[in-house]
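Asks: Here are the chains, one letter per residue:
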Amino acid sequence: MGVGPHASKKMIDTVVIPLLKIAIVLNATLVGVTYMVLLERKVIAWAQSRLGPMRVGPWGILQPVADAVKLMLKEDITPTRADKWVFTAAPIISMVPALIVYAVIPFGGDAPGEVAHIFGRDVPLYITRINVGLLYIVSVASVGVYGIILAGYSSNSKYPLLASLRASAQLISYEVAVTLTLVSVILVAGSLDMVSIVERQRDRHIWFFFLQPLAFVIVLIGGLAETNRAPFDLPEAEQELTGGFHTEYSGMRFALFFLAEYANMIVVSSVVTTLFFGGWLPPLPTWLPFLAYVPGWIWFFLKSFVFLYIFIWIRATLPRYRYDQLMRLGWKVLIPLAIANLVVTGIVKVMLL
Amino acid sequence: MGEAVAFYTISAFILIFAVLVISTKDTVHSVLFLVLDFLFVAALYVLLDAQFLAAIQVLVYAGGIVVLYLFVVMLVNLKRPPEAYEDPHRRTKLGFGLAAAVLFELGVIGLYSYASPASALAANPTIPVTGNTEEVGWLLYTSYLIPFEIASMLLLVAMIGAIILAKREL
Chain F
1 MGVGPHASKK MIDTVVIPLL KIAIVLNATL VGVTYMVLLE RKVIAWAQSR
51 LGPMRVGPWG ILQPVADAVK LMLKEDITPT RADKWVFTAA PIISMVPALI
101 VYAVIPFGGD APGEVAHIFG RDVPLYITRI NVGLLYIVSV ASVGVYGIIL
151 AGYSSNSKYP LLASLRASAQ LISYEVAVTL TLVSVILVAG SLDMVSIVER
201 QRDRHIWFFF LQPLAFVIVL IGGLAETNRA PFDLPEAEQE LTGGFHTEYS
251 GMRFALFFLA EYANMIVVSS VVTTLFFGGW LPPLPTWLPF LAYVPGWIWF
301 FLKSFVFLYI FIWIRATLPR YRYDQLMRLG WKVLIPLAIA NLVVTGIVKV
351 MLL
Chain A
1 MGEAVAFYTI SAFILIFAVL VISTKDTVHS VLFLVLDFLF VAALYVLLDA
51 QFLAAIQVLV YAGGIVVLYL FVVMLVNLKR PPEAYEDPHR RTKLGFGLAA
101 AVLFELGVIG LYSYASPASA LAANPTIPVT GNTEEVGWLL YTSYLIPFEI
151 ASMLLLVAMI GAIILAKREL
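First to last, the protein sequences are chains F and A.
Letter by letter, the first sequence follows residues 1 to 353 of the numbering used here.
Letter by letter, the second sequence follows residues 1 to 170 of the numbering used here.
Keep in mind that the hints are not guaranteed to be accurate.
[Stated by the list, open to error] Quick list of simulated restraints, FRET-style, between CB atoms:
#, chain 1, residue 1, chain 2, residue 2, range
1, A, VAL129, F, VAL348, 13 to 23 Å
2, F, LEU214, A, PRO88, 50 to 60 Å
3, F, VAL15, A, ARG90, 37 to 47 Å
4, A, MET159, F, VAL348, 23 to 33 Å
5, F, ARG204, A, VAL129, 12 to 22 Å
6, F, ARG202, A, VAL129, 31 to 41 Å
7, F, ASP110, A, ASP49, 45 to 55 Å
8, F, TRP331, A, ARG90, 40 to 50 Å
9, A, GLY110, F, ARG204, 32 to 42 Å
10, A, VAL129, F, GLY251, 30 to 40 Å
11, A, MET1, F, SER8, 49 to 59 Å
12, A, LYS167, F, VAL294, 33 to 43 Å
[What the hints assert, rightly or not] Derived pair list, reagent style DSSO-like, types lysine-lysine, alpha-carbon separation capped at 27 Å:
#, chain 1, residue 1, chain 2, residue 2
13, F, LYS74, F, LYS158
14, F, LYS74, F, LYS84
15, F, LYS84, F, LYS158
16, A, LYS167, F, LYS158
17, F, LYS332, A, LYS167
18, A, LYS25, F, LYS84
19, A, LYS93, A, LYS167
20, F, LYS84, F, LYS70
[Stated by the list, open to error] Listed below are several chain F residues computed to face chain A (Cβ distance under 8 Å; list not exhaustive):
#, residue
21, VAL123
22, ILE127
23, ASN131
24, VAL138
25, SER142
26, VAL143
27, LEU302
28, PHE305
29, TYR309
30, ILE310
Just so you know, the hints here were simulated from the structure itself, not pulled from any lab data.
Just so you know, even glycine gets a beta-carbon here, dropped at the ideal spot from N, CA and C.
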C-alpha cells in the first residue's frame with residue numbers, strides 16, 4: 001500500500017510541521033529556562049559585587065548542565081506519611097500548564113516576510129492560532145495553582161502547608177487584578193487572538209503600551225506575584241518557612257517546580273511583549289525602516305529578554321513584602337485601579353473611537 | 001467517526017471521574033477528581049466547537065471555584081473516622097424517593113426527546129459578527145439579555161447575602 005503524494009503532503013501539513021514546531025518550542029523553552037537560572041545567579045552576583053558561578057566552563061556557562069546532572073543523580077525522597085500519588089502528581093501539575101501555554105504565543109506572524117520556509121511551504125512562527133488565545137493562557141495559568149496547593153498538602157508537613165496556603169491566596173488575589181486588566185487590553189485590541197492583537201498594533205501604528213500604560217504596570221506587578229517572584233516570593237520565604245511549599249521535595253521533582261517557576265516567568269514576559277510591546281514587530285518602522293531586516297522572532301526574544309532581566313533586577317533590588325502588605329496591595333490598590341482602568345477604557349472607546 | 005470516538009471516550013472519562021468524586025474516601029482526592037471531571041467537560045466543549053465556553057469552563061470552574069473548595073477542605077479538619085459522620089437525622093427513604101423521582105424525570109425527558117428529536121439548530125443568519133467569543137457576546141446581549149441580567153442579579157444577591165451572613169453586626 002503506497003502513500004500517494006497528496007496524502008504525504010497532507011501528512012506533512014497536519015502532523016510533521018506541528019510536531020516539529022512543538023519540539024522546537026519545548027526544547028528552546030527548557031534550555032532557556034536552565035540558562036535563565038544561570039543568568040539570574042550571574043545578574044544577582046553582579047548586583048552584589050560578586051562573580052557568581054565561575055568554575056564550570058568559561059565564566060560558568062556550563063553550570064546549568066552541572067546543575068541538571070546533580071539534580072538527576074540525587075536521591076528522590078518521598079516522606080513516609082505523604083500522600084504518594086498527589087505528591088508525585090504535584091510537580092507535574094505545575095510543570096505542564098507552564099509548558100502548554102506556549103501553544104498560542106506567537107513568535108512571528110502570517111505576513112509574507114514573517115514566515116519561515118520548511119519543506120517548500122510557508123510556516124508561520126506560532127504553534128496554533130485560536131480565537132480565544134488570551135483566555136486560554138489565563139485559564140491554563142489558573143490550573144497551575146493546583147501544583148503548589150497540592151505540593152504543600154501532600155507533603156504532610158507544616159511549613160509546606162503554610163506556604164501553599166499563602167501561595168494559593170496570593171495567586172487567587174492577583175489573578176483577579178490581572179484578568180480584569182487584561183479585559184481592558186482586549187477592549188483596545190478588539191480580539192482575544194494573540195496573533196491579531198499584534199496585528200492590530202501593527203495596523204494602528206502604536207504599541208498598546210502607549211494606550212494602556214496603567215494596564216502594563218498592573219500586569220507586570222501581577223505577573224511577578226503570580227510567578228512567586230521577589231518581592232512577592234512569600235511562598236518560599238526561607239526565613240519563615242524553611243524553604244516553602246517544596247521543602248519536602250528533592251532531586252528531579254524539586255527541579256520540576258524550579259523549572260515551572262522559570263517557565264512561567266518566560267510566559268509572563270512573552271505575554272507582556274505580545275500585548276503591550278508589539279510582539280514580533282520592529283520598533284519605529286517609519287523612522288528606522290532598516291530594522292525590518294532583522295527577523296521578527298529576534299525582536300520578540302529581545303523584548304522578552306528585557307522583561308526577564310527586569311524580573312531579575314527587581315529580585316536583586318527590592319526586599320520582600322509582608323503578607324498583609326501583599327494582600328493590601330492586591331485587593332485595595334491593584335483591583336480598584338484595574339476596575340477604574342477598565343471603566344475609563346470602555347468610556348473612551350465608546351465616546352471617542 | 002472520529003468525533004463519535006472522541007465523544008464517547010471523553011464521556012466515559014467524565015462518568016468515571018464523577019463516580020470517583022463521590023466514592024473516594026479522602027476528601028482532597030475527591031476534589032481533585034472533580035477538577036479532572038471539569039477539564040474533560042471542557043474537552044467536550046472543544047469538541048462542540050465552543051472554545052470560548054471551554055476556556056471559561058477551565059478558568060471559572062477548574063481554576064477558580066474548585067480552588068476555593070480545596071481551600072475549605074484543607075482548612076476544615078476532615079480527618080475523623082467515618083463513624084463520626086453518622087447522622088441521626090439521616091432520611092434514607094426520602095433520599096431514595098427523591099433519587100427515584102429525578103431518575104424518572106430524566107427517563108421521561110430522554111423518552112420525549114427520543115420520540116421527537118429537536119430539529120438541528122439552524123445557523124442564525126442575523127448575527128453580524130464572526131468568531132466564537134463575538135457570537136456568544138452578541139447572543140448574550142441581544143436575544144438572551146434578560147436571562148443574562150437576571151443571572152447576574154442572582155449572583156449579586158448571593159454575594160450580598162453571604163456578606164450579611166458573615167458579618168452580622170454590620
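Asks: Hint by hint, say whether it matches the structure.
Replies: Comparing the hints with the structure gives:
Taken as a hint, the range 13 to 23 Å holds for the pair VAL129/A and VAL348/F, whose Cβ atoms sit roughly 22 Å apart. Range check, LEU214/F to PRO88/A: Cβ separation about 58 Å, and the 50 to 60 Å hint holds. Checking the proposed 37 to 47 Å range against VAL15/F and ARG90/A shows it is violated: the Cβ atoms sit about 56 Å from each other. A hinted range of 23 to 33 Å for the beta carbons of MET159/A and VAL348/F is consistent with their spacing of about 29 Å.
Taking the beta carbon of each, ARG204/F and VAL129/A are about 20 Å apart, inside 12 to 22 Å as hinted. Here the CB-CB span from ARG202/F to VAL129/A is close to 22 Å, at odds with the stated 31 to 41 Å. A beta carbon spacing of about 22 Å between ASP110/F and ASP49/A contradicts the range 45 to 55 Å that was offered as a hint. Judged by the Cβ atoms, the range 40 to 50 Å given for TRP331/F and ARG90/A holds: they are separated by roughly 41 Å.
The hint said 32 to 42 Å for the Cβ distance between GLY110/A and ARG204/F, and at roughly 53 Å that hint is violated. The given range of 30 to 40 Å is broken by VAL129/A and GLY251/F, whose C-beta atoms sit roughly 52 Å from each other. Look at MET1/A against SER8/F: about 22 Å separates their beta carbons, and that is not inside 49 to 59 Å. Checking the proposed 33 to 43 Å range against LYS167/A and VAL294/F shows it is violated: the Cβ atoms sit about 59 Å from each other.
Only pairs whose Cα atoms come within 27 Å are accepted, and LYS74/F paired with LYS158/F is accepted, the gap being roughly 24 Å. Among the hinted pairs, LYS74/F with LYS84/F is consistent with the structure: their alpha-carbon atoms are about 19 Å apart, no more than 27 Å. The hinted pair formed by LYS84/F and LYS158/F meets the criterion: a straight-line CA distance of about 17 Å does not exceed 27 Å. Restraint check for LYS167/A and LYS158/F: the C-alpha separation of about 30 Å exceeds 27 Å, so the hint is violated.
Restraint check: the Cα-Cα separation between LYS332/F and LYS167/A comes to about 20 Å, which is no more than 27 Å; the hinted pair holds. Between LYS25/A and LYS84/F the CA atoms are separated by roughly 15 Å; this keeps the pair inside 27 Å, and the hint holds. The hinted pair formed by LYS93/A and LYS167/A fails the criterion: a straight-line CA distance of about 37 Å is larger than 27 Å. Proposed proximity of LYS84/F and LYS70/F is supported: the alpha carbons are some 24 Å apart, at most 27 Å.
Restraint check, VAL123/F versus chain A: the minimum CB separation of about 23 Å is more than 8 Å; hint violated. Interface hint status for ILE127/F: violated, as the beta-carbon distance to the closest one in chain A is roughly 15 Å, over 8 Å. A least Cβ separation of about 5 Å between ASN131/F and chain A falls short of the 8 Å threshold, and the interface hint therefore holds. Taken as an interface hint, VAL138/F checks out: its beta carbon lies about 6 Å from the nearest beta carbon of chain A, inside 8 Å.
The closest approach between the C-beta of SER142/F and any C-beta of chain A is roughly 3 Å, which is under the 8 Å cut-off, so the hint is satisfied. At its closest, the beta carbon of VAL143/F sits 5 Å from a beta carbon of chain A; the interface hint therefore holds under the 8 Å criterion. Given hint, LEU302/F at the interface with chain A, is violated; its Cβ is 30 Å from that chain's nearest Cβ, farther than 8 Å. For PHE305/F, the interface hint is violated, since its Cβ never comes within 8 Å of a Cβ in chain A; the closest pair sits about 29 Å apart.
The beta carbon of TYR309/F comes no nearer than 30 Å to any beta carbon in chain A, farther than 8 Å, and the hint placing it at the interface is violated. With its C-beta approaching chain A no nearer than about 27 Å, ILE310/F sits outside the 8 Å limit, and its interface hint is violated.
Violated hints for the displayed structure, listed by number in ascending order: 3, 6, 7, 9, 10, 11, 12, 16, 19, 21, 22, 27, 28, 29 and 30.
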